Amino acid sequence: MEKIKKKYSKTDCLILGIGFLILGLFVLSIAIPIVYVVLASFMDPTVLNNQGLSFHIKDWTLDAYRRVLENEMIWRGFLNSFLYSLAFTAISVFITLLAAYPLSKKEFVGRKLFNLIFLITMFFGGGMIPTFILINQLHMVNTVWAVLIPGAFNVWNMILARTYYQSIPAELREASAIDGANEIQHFFKIMMPVCKPIIAVLALWSFVGMWNSYFDAMIYLNDANLQPLQLVLRSILVQNTPQPGMIADIQSTAEMAKVAEQLKYATIVVSSLPLLVMYPFFQKYFDQGIMVGSVKG
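Under UniProt numbering, the first residue of the sequence shown carries the number 1, and numbering increases by one thereafter.
These are computed hints drawn from the structure, not numbers from a lab. Note that the structure is predicted; figures quoted are calculated from it, not measured. Ideal placement from N, C-alpha and C gives every residue a C-beta, glycine not left out. Keep in mind that a hint or two might mislead.
Calculated pairs, DSS-like style, for lysine-lysine (alpha carbon to alpha carbon, straight line, at most 25 Å) [stated by the list, open to error]:
(1) Lys-105 x Lys-10
(2) Lys-10 x Lys-106
(3) Lys-189 x Lys-58
(4) Lys-196 x Lys-105
(5) Lys-264 x Lys-58
Here are the in silico distance ranges between beta carbons for each label pair [claimed, not checked]:
(6) Phe-215 x Ile-120: 46 to 52 Å
(7) Ile-32 x Ile-168: 52 to 58 Å
(8) Gly-24 x Met-122: 17 to 23 Å
(9) Ile-168 x Thr-121: 23 to 29 Å
(10) Ile-120 x Lys-58: 57 to 63 Å
(11) Phe-82 x Lys-196: 19 to 25 Å
(12) Gly-110 x Asp-179: 27 to 33 Å
(13) Cys-13 x Glu-70: 20 to 26 Å
(14) Val-208 x Met-122: 17 to 23 Å
Based on the provided sequences and hints, a complete structural model is requested.
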């Protein structure tokens, strides 16, 4: 069977060309910083400071990664971030799905009112100081719950899950009702397995959001043993203060400055690896969940 060749007009070709050009520039704007950070983390700090970045690296070095991975605070922060992200993802996805399910039912009394209340919270918040006072009065300051509970419910994720529920045929509920299943049984035994794509999307977004967050931890967590990796990374990048164990064997102040610059890049790469490793496992659900969840509103 011969393939039908689609003919493009000059206008179509021009629009496609402009689109590809914009997309290419966008990809470059993302790729160039990533390549720069990765290459700089392997370069000799003296060469990097004197000559700048080079794509022809003669003397590769893993010294920065050795210093990063040997540091206790990095590992503690890494473990804290991983545990916080797992716990936050489980709590956030579960709460979001529970809220979205009844709001997807047209027969639910007060459905429009609850939807409106949730939407208002997307544009108006209580403010940082009142929120801190509330968290303090709940005795959650300097506990892991201060970073897990306040942001666990995301209205945008709820809307996406609600829309996905609405795309599922109502006959599925009727069939389960005939078999004697109540709403709770239908939700856990029927809807949850059917909603794997949207669950994967919500889990990915929640995990990435929690992994990259540092502001709540910076405000509520004073104990260094509870701080996530992003706070350790912030102290290295923003405050320009590497952890003492990373540069303990360096005597020269100038040499410390050179190594500290390379440590920044190595720490960024190490902190980004979990997300890069995790994404391929969720990719097969990602497109399906987004497309199906955005068709029907």
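Okay, the hints, checked on the actual structure:
Pair hint Lys-105 plus Lys-10 does not hold up; C-alpha atoms about 48 Å apart against a cutoff of 25 Å. A C-alpha spacing of about 48 Å is found between Lys-10 and Lys-106, which places the hinted pair above 25 Å, so the restraint is violated. As the CA atoms of Lys-189 and Lys-58 are separated by approximately 58 Å, the hinted pair breaks the 25 Å bound. For the suggested pair Lys-196 and Lys-105, the alpha carbons sit about 20 Å apart, so the restraint of at most 25 Å is met.
Between Lys-264 and Lys-58 the alpha-carbon distance is near 21 Å, which keeps this suggested pair within the 25 Å criterion. At roughly 23 Å, the beta-carbon separation of Phe-215 and Ile-120 lies outside the given 46 to 52 Å, and the hint is violated. Between Ile-32 and Ile-168 the CB atoms are about 43 Å apart, so this pair departs from the stated range of 52 to 58 Å. For the hinted restraint 17 to 23 Å between Gly-24 and Met-122, the CB-CB distance of approximately 34 Å leaves it violated.
Under the hint 23 to 29 Å, the C-beta atoms of Ile-168 and Thr-121, about 26 Å apart, fit the expected range. A beta carbon spacing of about 59 Å between Ile-120 and Lys-58 agrees with the range 57 to 63 Å that was offered as a hint. At roughly 23 Å, the beta carbons of Phe-82 and Lys-196 sit within the given window of 19 to 25 Å. Checking the proposed 27 to 33 Å range against Gly-110 and Asp-179 shows it holds: the Cβ atoms sit about 29 Å from each other.
Hint check: Cys-13 to Glu-70, Cβ distance near 56 Å, so the stated range 20 to 26 Å is violated. The hinted window of 17 to 23 Å between Val-208 and Met-122 holds, with their beta carbons roughly 19 Å apart.
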